[in-house]
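For reference, the chains in residue letters:
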Amino acid sequence: DAKTTQPPSMDCAEGRAANLPCNHSTISGNEYVYWYRQIHSQGPQYIIHGLKNNETNEMASLIITEDRKSSTLILPHATLRDTAVYYCIVRVVNDMRFGAGTRLTVKP
Amino acid sequence: ETGVTQTPRHLVMGMTNKKSLKCEQHLGHNAMYWYKQSAKKPLELMFVYNFKEQTENNSVPSRFSPECPNSSHLFLHLHTLQPEDSALYLCASSQDSGRAGEQFFGPGTRLTVL
Chain A
1 DAKTTQPPSM
11 DCAEGRAANL
21 PCNHSTISGN
31 EYVYWYRQIH
41 SQGPQYIIHG
51 LKNNETNEMA
61 SLIITEDRKS
71 STLILPHATL
81 RDTAVYYCIV
91 RVVNDMRFGA
101 GTRLTVKP
Chain B
1 ETGVTQTPRH
11 LVMGMTNKKS
21 LKCEQHLGHN
31 AMYWYKQSAK
41 KPLELMFVYN
51 FKEQTENNSV
61 PSRFSPECPN
71 SSHLFLHLHT
81 LQPEDSALYL
91 CASSQDSGRA
101 GEQFFGPGTR
111 LTVL
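Protein sequence lines correspond, in order, to chains A and B.
If you count by the numbering used here, then the first sequence holds residues 1 to 108, one letter each, in order.
If you count by the numbering used here, then the second sequence holds residues 1 to 114, one letter each, in order.
Everything labelled a hint here was simulated from the structure, so no lab data went into it.
For clarity, every value in this text was computed on a predicted model and none was experimentally measured.
Just so you know, even glycine gets a beta-carbon here, dropped at the ideal spot from N, CA and C.
There could be a bad hint or two in this list.
If you want a taste of the chain B side facing chain A, the calculated C-beta under 7 Å gives, among others [as the list claims (entries may be wrong)]:
1) E102
2) P107
3) L114
Some, not all, of what chain B presents toward chain A, calculated at C-beta under 7 Å [said to hold, decoys possible]:
4) A39
5) P42
6) M46
7) P66
8) P83
9) A87
10) L90
11) F105
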């Protein structure tokens with residue numbers, strides 16, 4: 001049962017890259033890392049996931065270390081609308097165990 | 001309608017009332033989920049349905065009763081709730097439970113129990 005550790009909060013200036021770290025030191029070889037975000041009073045939104053290789057989509061990039069014990073979600077040009085709680089999840093069987101996440105505040 | 005919809009968006013009920021929450025997904029998915037999000041707490045998975053069959057019940061009290069008549073609809077029937085059941089109830093869907101990592105969430109129902 002891999003757990004994740006994220007900082008409770010982070011700030012980022014608008015237009016700059018937001019780098020959100022996540023530690024998952026007990027991750028198993030076949031477990032994926034998923035990232036979601038939840039904007040205030042809305043349902044969570046899937047962002048990206050990966051296993052070993054770095055991944056990129058229209059929303060973000062995911063960098064996973066070679067030993068897979070940590071990862072970083074990168075929002076390349078943060079906007080005010082990216083203010084949200086970001087969840088890093090290591091999938092356990094069919095469960096998505098949402099932790100407390102990181103509250104990212106993008107400031108003008 | 002697109003994505004995952006939930007009705008009502010807000011609900012206030014007394015402890016003796018019976019009410020139902022409705023979730024509908026327009027994504028052609030086969031797995032649906034109910035989550036509870038209390039104030040300042042992480043999301044808690046309540047129930048999972050895969051191809052209309054309940055595959056998970058996370059020790060949820062019997063005052064919460066799910067129903068999944070088909071792959072597109074999911075209900076949560078509520079009766080004799082307690083004030084501590086006040087929370088945001090979120091529905092989600094995925095292609096199937098094997099792809100539970102990529103879930104699409106609805107906007108939630110904000111429930112207040114008086």
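Okay, the hints, checked on the actual structure:
1. E102: Hint holds; B:E102 Cβ to chain A Cβ min 5 Å, cut 7 Å.
2. P107: holds, 5 Å
3. L114: violated, 20 Å
4. A39: violated, 12 Å
5. P42: Hint holds; B:P42 Cβ to chain A Cβ min 5 Å, cut 7 Å.
6. M46: violated, 12 Å
7. P66: It is violated, given that the least Cβ distance between B:P66 and chain A is near 16 Å, above 7 Å.
8. P83: violated, 20 Å
9. A87: Nearest chain A Cβ about 12 Å off; hint violated.
10. L90: holds, 5 Å
11. F105: holds, 3 Å
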